Amino acid sequence: MVNLNVNLGRLHLANPVLTASGTFGYGREFADFIDLNELGGFIVKGTTLEPREGNPYPRMAETPSGMLNAVGLQNKGVDYFIENIYPQISGCKSQVIVNVSGAKIEDYVAVCEKLAPLDKIEAIEVNISCPNVKQGGMAYGTTTDGAAEVTAATRKAWPRHLIVKLSPNVTSITDIAKAVEGEGADSVSLINTMLGMAIDVERRKPMLSTITGGLSGPAVRPVAVRMVWQVAKAVAIPVIGLGGIMSGRDALEFIMAGATAVEVGTANFIDPSVTVKIINEIRDYCERHNIADINELRGII
Amino acid sequence: MVNLNVNLGRLHLANPVLTASGTFGYGREFADFIDLNELGGFIVKGTTLEPREGNPYPRMAETPSGMLNAVGLQNKGVDYFIENIYPQISGCKSQVIVNVSGAKIEDYVAVCEKLAPLDKIEAIEVNISCPNVKQGGMAYGTTTDGAAEVTAATRKAWPRHLIVKLSPNVTSITDIAKAVEGEGADSVSLINTMLGMAIDVERRKPMLSTITGGLSGPAVRPVAVRMVWQVAKAVAIPVIGLGGIMSGRDALEFIMAGATAVEVGTANFIDPSVTVKIINEIRDYCERHNIADINELRGII
Amino acid sequence: MTVVANEAAGSYHLLKVTPADGRQLPEMVPGQFAEVDVPDSKTTFLRRPISINNVDSADNTLWLLIRKTGAGTASLCATETGAKLNIVLPLGNGFSTAATRPLLIGGGVGIAPLLYLARKYNEKGVRPTLILGARSKGDLALIEEFETVGDVFYTTEDGSHGIKGFVTMSEAFTAEHDLIQCCGPMPMMKAVAERARQLGVECEVSLENMMACGLGACLCCVEQDNKGHNVCVCSEGPVFNINRLSW
Amino acid sequence: MTVVANEAAGSYHLLKVTPADGRQLPEMVPGQFAEVDVPDSKTTFLRRPISINNVDSADNTLWLLIRKTGAGTASLCATETGAKLNIVLPLGNGFSTAATRPLLIGGGVGIAPLLYLARKYNEKGVRPTLILGARSKGDLALIEEFETVGDVFYTTEDGSHGIKGFVTMSEAFTAEHDLIQCCGPMPMMKAVAERARQLGVECEVSLENMMACGLGACLCCVEQDNKGHNVCVCSEGPVFNINRLSW
Chain A
12 MVNLNVNLGR LHLANPVLTA SGTFGYGREF ADFIDLNELG GFIVKGTTLE PREGNPYPRM
72 AETPSGMLNA VGLQNKGVDY FIENIYPQIS GCKSQVIVNV SGAKIEDYVA VCEKLAPLDK
132 IEAIEVNISC PNVKQGGMAY GTTTDGAAEV TAATRKAWPR HLIVKLSPNV TSITDIAKAV
192 EGEGADSVSL INTMLGMAID VERRKPMLST ITGGLSGPAV RPVAVRMVWQ VAKAVAIPVI
252 GLGGIMSGRD ALEFIMAGAT AVEVGTANFI DPSVTVKIIN EIRDYCERHN IADINELRGI
312 I
Chain B
12 MVNLNVNLGR LHLANPVLTA SGTFGYGREF ADFIDLNELG GFIVKGTTLE PREGNPYPRM
72 AETPSGMLNA VGLQNKGVDY FIENIYPQIS GCKSQVIVNV SGAKIEDYVA VCEKLAPLDK
132 IEAIEVNISC PNVKQGGMAY GTTTDGAAEV TAATRKAWPR HLIVKLSPNV TSITDIAKAV
192 EGEGADSVSL INTMLGMAID VERRKPMLST ITGGLSGPAV RPVAVRMVWQ VAKAVAIPVI
252 GLGGIMSGRD ALEFIMAGAT AVEVGTANFI DPSVTVKIIN EIRDYCERHN IADINELRGI
312 I
Chain C
45 MTVVANEAAG SYHLLKVTPA DGRQLPEMVP GQFAEVDVPD SKTTFLRRPI SINNVDSADN
105 TLWLLIRKTG AGTASLCATE TGAKLNIVLP LGNGFSTAAT RPLLIGGGVG IAPLLYLARK
165 YNEKGVRPTL ILGARSKGDL ALIEEFETVG DVFYTTEDGS HGIKGFVTMS EAFTAEHDLI
225 QCCGPMPMMK AVAERARQLG VECEVSLENM MACGLGACLC CVEQDNKGHN VCVCSEGPVF
285 NINRLSW
Chain D
45 MTVVANEAAG SYHLLKVTPA DGRQLPEMVP GQFAEVDVPD SKTTFLRRPI SINNVDSADN
105 TLWLLIRKTG AGTASLCATE TGAKLNIVLP LGNGFSTAAT RPLLIGGGVG IAPLLYLARK
165 YNEKGVRPTL ILGARSKGDL ALIEEFETVG DVFYTTEDGS HGIKGFVTMS EAFTAEHDLI
225 QCCGPMPMMK AVAERARQLG VECEVSLENM MACGLGACLC CVEQDNKGHN VCVCSEGPVF
285 NINRLSW
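Chains as they are written, first to last, in this note's numbering: chain A, 12 to 312; chain B, 12 to 312; chain C, 45 to 291; chain D, 45 to 291.
For the record, the hints were derived by calculation from the structure and aren't laboratory data. Errors might be hidden in some of the hints.
[Stated by the list, open to error] Distance windows between CB atoms, simulated:
hint: 1; chain 1: A; residue 1: Asp211; chain 2: C; residue 2: Glu215; range: 47 to 53 angstroms
hint: 2; chain 1: B; residue 1: Glu61; chain 2: D; residue 2: Ser290; range: 18 to 24 angstroms
hint: 3; chain 1: B; residue 1: Ser101; chain 2: D; residue 2: Gly272; range: 28 to 34 angstroms
[What the hints assert, rightly or not] Among chain D residues calculated to face chain B with C-beta under 8 angstroms, some are:
hint: 4; residue: Met72
hint: 5; residue: Arg91
hint: 6; residue: Val266
hint: 7; residue: Glu267
[Stated by the list, open to error] Simulated pairs of lysine-lysine, DSBU-like, Cα-Cα distance not exceeding 35 angstroms:
hint: 8; chain 1: D; residue 1: Lys128; chain 2: D; residue 2: Lys60
hint: 9; chain 1: C; residue 1: Lys86; chain 2: A; residue 2: Lys115
hint: 10; chain 1: C; residue 1: Lys86; chain 2: D; residue 2: Lys168
hint: 11; chain 1: D; residue 1: Lys208; chain 2: C; residue 2: Lys128
hint: 12; chain 1: A; residue 1: Lys115; chain 2: B; residue 2: Lys189
hint: 13; chain 1: C; residue 1: Lys128; chain 2: D; residue 2: Lys164
hint: 14; chain 1: D; residue 1: Lys112; chain 2: B; residue 2: Lys216
hint: 15; chain 1: C; residue 1: Lys86; chain 2: A; residue 2: Lys288
For clarity, every value in this text was computed on a predicted model and none was experimentally measured. Note that the Cβ used here is the ideal one computed from N, Cα and C, for glycine as well.
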């Protein structure tokens with residue numbers, strides 16, 4: 012019997028597999044395919060203070076082993092989440108984590124304050140790395156000062172586990188990670204999407220209404236694994252790894268590179284039951300290699 | 012009859028297709044498959060002042076729609092090139108460009124001075140972005156000061172067209188591009204490989220002897236197109252685009268994003284005659300769309 | 045699912061698939077679609093949304109009419125009998141089937157969902173009128189099947205079959221119908237919607253916006269509704285009454 | 045090239061291919077290899093280097109013995125007759141064929157190039173001795189073909205065929221030979237090289253270092269030579285006299 016339990020500081024996960032924000036809706040979209048209780052947890056879509064319509068269509072382009080998106084944080088706002096979604100998911104056995112986004116520091120803080128009373132929400136993931144919004148988002152995530160500022164402000168407003176999601180579009184992600192650790196983040200998750208672009212050469216137009224968008228999928232996995240490996244060696248807080256995980260093998264790459272948990276994102280679009288398969292593949296690997304505890308594999312590279 | 016001639020400042024190319032350094036050897040490796048004279052030009056492998064053995068095996072890992080390499084600038088040195096390679100290729104109709112690398116500024120300068128007398132070499136590409144060498148390489152390419160320093164020094168030592176090859180592993184590639192433009196670069200080429208990593212989870216070992224390596228191939232193309240689009244809008248000098256070009260369609264993406272010429276790299280490993288196919292596909296596209304001159308398509312996005 | 049047949053149909057391919065485990069196909073509503081994984085295409089990453097062309101309960105097969113538009117659909121069109129395909133279905137909402145004098149309008153491969161829709165009408169004793177439009181005769185498919193389930197009028201841009209021109213020019217496009225249901229290229233659907241408004245006839249359109257997940261999770265396939273909100277075509281559509289849309 | 049046959053051979057697959065345009069296969073030296081493009085594998089990006097198992101001039105076919113090691117080779121093993129494969133060949137140098145009393149040693153799928161090598165010896169009137177090693181009987185292939193071209197001794201790790209143990213333990217591994225030529229897993233080749241040195245017999249090994257281009261351009265497949273230089277296995281090998289290597 013393999014132990015898959017992992018702890019992100021004081022945040023307990025029954026297994027290391029989470030879902031990435033913006034790829035799993037509010038969870039219920041996948042309830043026909045998997046038992047949400049089997050997940051380590053799921054991270055609901057980026058939530059902002061006010062409802063957002065996001066960017067105009069087209070918002071998506073398929074790329075080699077990946078995709079570009081420019082959704083732009085479309086969501087119904089934090090109040091809608093609290094009134095309509097939270098009651099449905101508060102009974103879920105697995106962790107429910109809310110991804111928090113904003114254009115201004117005050118917005119991040121206001122969302123944290125509204126979520127604070129929800130006991131079931133033991134953690135939030137602060138998104139300082141969305142490449143698809145004009146203000147805020149990635150602007151905060153690409154400088155140590157910006158990252159530190161958002162972290163410090165949300166740290167004051169959020170009483171429980173604070174995850175900060177980092178942008179890969181930087182020269183030194185370890186500097187950003189250290190900055191958010193310094194301001195009291197309980198863990199970091201990386202990587203968010205890479206800023207990319209695709210052109211329809213037949214129509215001679217950009218594929219996305221916003222011209223540039225966020226690249227995700229297996230294409231970015233080597234960059235993500237490298238960054239997780241670097242950050243895990245640079246900070247003391249736990250690291251959550253994501254970027255192109257499609258299988259248990261992929262998830263184990265991140266764990267061996269130093270991740271305590273992983274997030275599965277784009278893969279949910281291709282196989283809605285992939286998360287549970289990944290959990291089983293991780294368990295099978297451990298049994299095949301006589302690993303009693305998944306924690307033994309963390310950071311062995 | 013479509014005009015495919017393009018000019019990089021005063022450097023004339025019969026067509027926009029070059030080969031990327033380190034993917035085309037000294038050209039002769041491909042002479043059985045294509046007529047080198049049909050290319051716009053080819054860029055010979057990274058050349059250093061002294062011979063280099065490069066990094067230990069294993070140096071390569073296949074990744075989704077791409078590959079990681081950690082060759083580490085293995086080459087026989089500039090003197091070997093001058094004595095043994097230059098005489099063979101000096102009669103070539105297409106441009107022969109030498110990629111120049113070094114660990115110290117003095118090394119870059121010394122190589123430039125040795126190459127300066129070779130009339131057939133109308134351009135060099137200064138590599139400030141190799142992720143696989145400990146000193147120099149990417150260290151220069153990830154700061155504006157470092158990039159400016161190498162550019163200024165090589166500018167003094169090299170009398171003809173000076174291309175500076177940029178690293179994508181930065182927060183703002185436009186700042187780096189402006190810095191090298193400011194020091195007299197005649198053009199910039201981008202992107203070099205992205206720093207990545209892969210793990211053999213069955214053996215629980217890194218795939219590369221150096222742990223991290225450079226990611227290339229179609230996987231990185233969306234990031235490369237985005238950076239070319241940004242840089243082409245930020246600088247006045249011509250831009251050479253590269254990153255995962257496998258077909259004429261891909262090459263046109265870069266041209267529409269603002270590139271005057273393109274470099275074909277990893278694709279040479281999969282199809283040794285791909286460069287000539289790409290030239291033909293570009294011509295076919297122009298004929299199909301009634302484009303008289305390839306220069307009409309540059310930067311239309 | 046197992047591919048039991050792959051037949052050329054006009055310029056398209058008709059794939060007939062049945063559950064590999066012999067299980068009964070789930071209930072499907074006309075207008076719904078399937079997300080088909082493309083197993084053998086190097087350059088294809090995402091599933092391909094394909095509308096449900098027909099469900100043959102007799103032999104428990106699902107029909108998918110596929111047009112080659114790129115590497116992914118080309119690979120699907122080349123699937124061999126006996127091959128296995130990973131298909132998520134049924135997805136999305138569907139067309140309504142309450143009308144008594146429906147006019148079904150399809151353009152190009154957009155004719156696909158109309159066959160199953162017409163059959164559902166037949167089950168209710170309604171014989172729909174259809175206008176099938178195409179660039180040319182070769183782009184029309186399943187003519188025999190369509191003519192058994194409804195009264196079919198044709199328009200082709202080159203006049204090679206039926207009248208020359210667009211579906212909106214067909215004599216069958218009249219106000220006698222109580223509902224117009226349309227699937228085809230966006231410009232055609234917008235023209236049909238406009239004409240339907242002029243005639244004062246209710247109109248449903250089935251949209252094909254580019255999508256990734258098909259489940260309402262990725263929020264990529266949005267269309268703007270009449271309140272200015274972005275709604276997912278995959279989960280709130282693909283079929284919309286034109287009055288719900290901004291157009 | 046066109047696949048004319050895909051036969052199970054032990055635990056491997058034997059693909060027989062012929063030029064699609066009917067052209068004559070180029071001259072090939074035993075020990076050379078081919079770079080085979082994998083058309084239908086989503087997760088395979090690079091070509092797969094496969095050593096030349098045999099050239100049948102009678103029907104102008106090239107034989108490739110392939111072991112399933114991952115998605116790429118699995119896809120090749122599943123290739124159907126009539127399928128087209130894009131293959132670059134011949135690549136690399138080859139084994140020497142000047143010996144008069146050669147001993148050919150193969151381990152696992154490393155036995156592949158030895159069949160063509162033995163045939164070349166036969167053409168010169170030389171009947172080589174072979175030691176074929178495998179984990180188990182099932183991992184031995186083309187036994188009949190090998191026994192027609194040479195005197196074959198077997199070793200298996202589980203003793204299911206021939207003597208139990210490694211190739212170095214075979215009675216045929218003697219100093220009577222004037223050249224030992226070996227292809228197999230790295231540890232086996234190093235053991236063979238060491239034993240060959242002890243016996244004072246010249247030894248050639250065929251290396252399988254991971255490679256991308258196969259042309260000496262990417263510099264990924266390097267092995268260190270006796271001067272400490274990194275040499276490309278694809279262009280300066282795959283066959284090396286052990287005296288040229290650092291081991």
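Hints, one by one, checked against the model:
1. Asp211(A) x Glu215(C): 47 to 53 angstroms: The hint (47 to 53 angstroms, Cβ to Cβ) is violated, given that aspartate 211(A) and glutamate 215(C) are roughly 37 angstroms apart.
2. Glu61(B) x Ser290(D): 18 to 24 angstroms: 21 angstroms, holds
3. Ser101(B) x Gly272(D): 28 to 34 angstroms: 31 angstroms, holds
4. Met72: 15 angstroms, violated
5. Arg91: Holds: closest Cβ of chain B sits about 6 angstroms from arginine 91(D), inside 8 angstroms.
6. Val266: 5 angstroms, holds
7. Glu267: 7 angstroms, holds
8. Lys128(D) x Lys60(D): 12 angstroms, holds
9. Lys86(C) x Lys115(A): At roughly 42 angstroms apart (the allowed maximum being 35 angstroms), lysine 115(A) and lysine 86(C) break the hint.
10. Lys86(C) x Lys168(D): Outside the cut-off at roughly 45 angstroms; violated.
11. Lys208(D) x Lys128(C): 42 angstroms, violated
12. Lys115(A) x Lys189(B): Cα-Cα ~30 angstroms, so holds.
13. Lys128(C) x Lys164(D): 44 angstroms, violated
14. Lys112(D) x Lys216(B): Given that 35 angstroms is the threshold and the Cα spacing comes to 22 angstroms, the pair holds.
15. Lys86(C) x Lys288(A): 23 angstroms, holds
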